[in-house]
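Let's have the full structure, built from the sequences with the hints guiding it.
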Amino acid sequence: MLLTLVFVVLFLGCAKSPFRTRNSPEPISGGGTWTPPSKPEIVLENLLHSYNEKIIENFNLCLSDTFVFSAPEDSIEAVNNNREWLFTNWNLSVEKRVTSNIFKTFSEKKDSLDLTLFMDFGSMVKGEWTDTTAVLSINYRLSIYQFKPTEQVDTAEGVATFYLKETGLSWWSIYFWSDVPKVSGRDDWGDFKAEYRD
Amino acid sequence: MPSQKGLATRTGKKKNGRGQAPPLQKSRRRGFKPLLPSPPSTLSFRGSVKARLRRYIRKMYKKIKIIFLFPFFLFLSIAQSAELRLDFSQDNRTYVWHERLSYDHHMNKNFRLSLSTFLNSTLIKSSFLTSGPNRWQEDGKLSLRLSNLLNPKLDLGTLFAYDLNSLEQRNVSTQTFGLFCDYKIFPYLSFYQTLGYKGIQREWSEPALGEQKKPDKGYNYSTILTFTPEIYGSKAFLTLNQGTERFKNIPTTRQYLTLFYSKVISPYDSINVDFQQSRSKNKYYARFGSSKINTQKKSTQAFKLFSSKELFWNFQMDARYDYAKEEYHYILEPDTIFDPFTITDNSVSSQNFTINIKREYLKRFIVEGFYRYAEIDENYGDVNKNQKMKSGEAGAKVSSQITKFDSLYLVGSIGVTSFYTPFGSVTFNDRDILTKLGNLEYFHIFSLFLDLRFQLGFKNFHQVYISNRLSANNNYNETYILSPTLNWRPSSKLILIQNYSIQANYISYDYEKKVQSPRNKIFRRGSSSSNITYIYNRRLNFRVGYLYRYEDYGQLLWRNQWVEMKSWERKTQIINLGLDYKVLKKVVLSPGYSFEKRKEWDLTTENKKLSYEFFRNMLSLALDYDMGLGNYLKFSGTHRFQKEKPGRKDQQDFFSVSLAYTF
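As you go down the protein sequences, you meet chains A and B in turn.
Going by this note's numbering, the first sequence opens with residue 2, and the numbers climb by one from there.
Going by this note's numbering, the second sequence opens with residue 86, and the numbers climb by one from there.
Rather than coming from a laboratory, the hints here were simulated on the basis of the structure.
Hints should not be assumed to be uniformly reliable.
Chain B regions said to be covered by chain A (calculated; three or more residues, Cβ under 8 Å) [claimed, not checked]:
| hint | stretch |
| --- | --- |
| 1 | 239-253 |
| 2 | 572-583 |
Listed next, with one range per pair, are the computed distances between beta-carbon atoms [said to hold, decoys possible]:
| hint | chain 1 | residue 1 | chain 2 | residue 2 | range |
| --- | --- | --- | --- | --- | --- |
| 3 | B | A589 | A | P150 | 47 to 57 Å |
| 4 | B | L231 | A | T133 | 43 to 53 Å |
| 5 | B | C266 | A | P150 | 17 to 27 Å |
| 6 | B | I416 | A | D132 | 45 to 55 Å |
| 7 | A | I43 | B | N545 | 16 to 26 Å |
| 8 | B | L417 | A | T133 | 20 to 30 Å |
| 9 | B | Q601 | A | R21 | 27 to 37 Å |
Computed from a predicted structure; not experimentally measured.
In this text, a Cβ means the ideal position worked out from N, Cα and C, and glycines have one as well.
Now the structure itself:
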């Protein structure tokens with residue numbers, strides 16, 4: 002009886018209406034770029050646009066519920082630095098939080114910082130491919146521009162391998178993302194993202 | 086939680102992104118796992134003579150270790166338990182070898198030996214995607230434990246562990262050696278302590294500076310106190326765990342507390358309570374090659390409560406509440422390296438609450454209602470980064486065995502997830518997502534040889550940005566799916582499966598309904614899939630499959646109702662042929678062939694124009710040897726040839742070998 006009362010109190014204290022959203026004002030600028038992912042390649046295009054436009058929900062739509070990120074070469078560096086936790090258990094919630102931190106940082110400091118992602122679709126390599134699964138490897142270049150107090154450009158280049166799957170109601174999405182630098186030892190996307198993890 | 090029975094060494098090493106293989110894809114064949122052959126015979130020599138010699142010895146050590154594995158098999162048969170797993174896979178230019186061995190042996194009634202090894206080697210061959218020479222990466226661990234049960238209460242022993250992580254010219258190896266004591270003070274109170282030495286060697290090479298080293302060493306100890314009282318038929322568990330690594334440069338301390346209580350009051354009433362708290366202090370190097378040391382202090386709390394209770398009128402209620410909090414505090418040394426994101430103190434807390442109420446009617450229907458609430462609070466000490474999320478979802482499920490031949494499952498839910506940013510934030514990004522889900526599955530048995538499964542699904546997202554900077558992205562995203570499947574067995578030798586599927590996806594933007602917007606889209610797909618299996622005899626069966634799929638995609642226009650203006654359409658045909666032949670009692674050979682043709686037309690021009698063509702041929706061969714009791718040996722290989730217009734021809738081979746054996 003006591004427990005039932007506890008849960009009733011919790012229910013009343015925690016309840017949120019599941020039926021209505023808040024009102025939204027008329028837009029003052031154009032929208033982002035997103036295409037229904039009817040093909041695996043379109044998921045990567047959506048990911049690219051969401052990164053450059055810094056729209057977090059468009060980025061989240063590219064990822065599956067079972068998403069995992071792996072940076073095997075950067076992980077050794079983390080172990081070397083005694084930060085082995087940096088790349089462990091990198092799941093969907095971690096990826097969303099890290100990317101949200103990145104977008105907020107660059108949106109907040111847009112007068113002094115900018116970020117541009119480039120993906121080379123022309124040289125994309127298709128790996129194993131079935132009706133509902135696909136593997137795509139693609140070269141990328143992530144450029145971080147600093148304007149103040151000094152001008153500086155940092156570049157992370159590498160190969161991102163995306164494992165995608167297609168489910169009836171969810172279309173194509175990424176369930177595994179592996180990242181390696183273009184040149185061993187240089188900065189890559191994994192190095193950049195890890196700096197925004199807790 | 087770290088391992089309860091080990092030195093205070095690094096943990097969780099096998100479950101991280103280091104060389105972590107993705108979850109196995111749904112393969113054309115059954116789920117094959119690769120086998121570890123001997124490493125490639127070609128070795129590359131780079132760098133100084135001493136470094137080259139060291140690398141050569143390390144690579145030869147792997148070969149020697151594998152050679153020693155085989156005579157070791159002779160001793161595995163006398164083990165109380167021994168499991169071996171070897172895998173090899175090759176995908177394009179990536180080769181992966183994986184080995185895992187665990188061995189446990191009671192030498193006599195007092196002495197026990199436990200050994201475990203793990204090695205993962207990855208070779209990425211140089212290609213136009215990656216620059217430089219081929220890359221070798223290895224992760225491995227060897228653990229050895231020897232224990233002596235002096236009496237039923239006291240167990241003493243030694244522990245040894247060797248870890249290796251290497252990538253090209255970077256190597257990190259760790260040696261851990263120690264003693265342990267496991268003492269059962271009382272039947273419900275035990276004490277476990279370890280004391281040992283740990284050494285870390287780090288080596289790397291930089292073009293400007295040559296070979297570099299950064300060793301660390303020191304002693305470590307840990308204490309675990311476990312209390313498992315029996316309280317009137319309930320289970321309880323309390324653990325206190327404290328560990329320290331006394332390195333000169335990067336010491337680490339950890340404390341854990343775990344409390345668990347579970348009681349089953351009746352078949353319908355139970356309660357579980359789980360509480361965990363931890364604190365740790367870790368020092369780490371700011372970056373690779375740097376001597377600057379930062380400190381992370383982390384504290385976590387987690388609380389879980391679960392109760393299952395029978396209410397009045399045969400209603401059954403399950404309720405669950407979870408709370409978790411993580412706090413991070415950093416002490417950073419000044420650094421001149423540019424970093425736009427300076428890590429700061431932060432905390433993340435979350436609450437989840439779920440309540441289910443269900444009841445059975447007439448012994449045929451189970452009706453269930455549920456409500457879920459979730460809340461996450463991210464605090465970075467910066468109003469521009471802080472964020473809160475709240476989510477509420479309500480729904481219902483009905484499952485029913487309507488008649489002996491009919492069953493039904495229906496589920497529907499509606500929920501809102503809201504994100505809040507603090508007042509005054511320049512990155513105001515408040516948004517709501519309204520989600521509606523519905524799924525119906527119906528199953529009818531016509532006879533022992535004929536049944537029908539029918540699925541109807543619906544998903545609707547309404548994304549609403551509260552900011553006028555982003556509200557142009559407000560949109561509805563609706564997906565519908567209808568899929569009947571007929572399963573027919575006209576004879577004992579023939580199985581036919583016919584499936585149809587229709588899917589449609591509509592995206593419409595809230596503020597672009599009455600304008601001709603290129604962003605309002607519709608995507609539709611219809612497919613028919615036929616699969617025939619012919620069982621020739623007990624050893625041989627044939628498989629034939631044919632898939633036809635039609636897809637179109639276009640813009641949605643509002644003309645007092647939504648109408649479609651098509652942009653492209655696509656037709657796909659896939660033919661699969663295969664057979665399974667039982668060569669021997671436990672050996673099955675499965676060759677297969679698959680052909681795919683896909684064409685796409687551009688419908689935006691005056692005349693329908695063929696814009697894309699794709700052809701693919703795949704030959705595959707698989708061999709399964711089922712040794713029973715979960716032991717197996719599997720080979721699979723695929724040769725793929727495909728051609729795209731516009732595009733290029735491509736030929737690739739995929740190969741995997743896998744062995745799992747329990748002695």
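Taking the hints in turn, this is what the structure says about them:
Counting residues of the stretch 239-253 of chain B whose beta-carbon sits less than 8 Å from any beta-carbon of chain A gives 4, enough to reach three: the coverage restraint holds. Counting residues of the stretch 572-583 of chain B whose CB lies closer than 8 Å to any CB of chain A gives 0, so the stated coverage by that chain is violated, three being the minimum. Evaluation of the 47 to 57 Å hint for B:A589 and A:P150 yields a pass: the beta carbon distance comes to about 54 Å. Restraint check, B:L231 to A:T133: a C-beta distance of roughly 49 Å satisfies the suggested window 43 to 53 Å.
Here the CB-CB span from B:C266 to A:P150 is close to 58 Å, at odds with the stated 17 to 27 Å. Checked against the given bound of 45 to 55 Å, the beta carbons of B:I416 and A:D132, roughly 53 Å apart, stay inside it. For A:I43 paired with B:N545, a C-beta distance near 21 Å keeps the hint of 16 to 26 Å intact. Distance hint for B:L417 and A:T133: a CB-CB separation of about 46 Å, inconsistent with the stated range 20 to 30 Å.
With their beta carbons about 30 Å apart, B:Q601 and A:R21 fall inside the hinted range of 27 to 37 Å.
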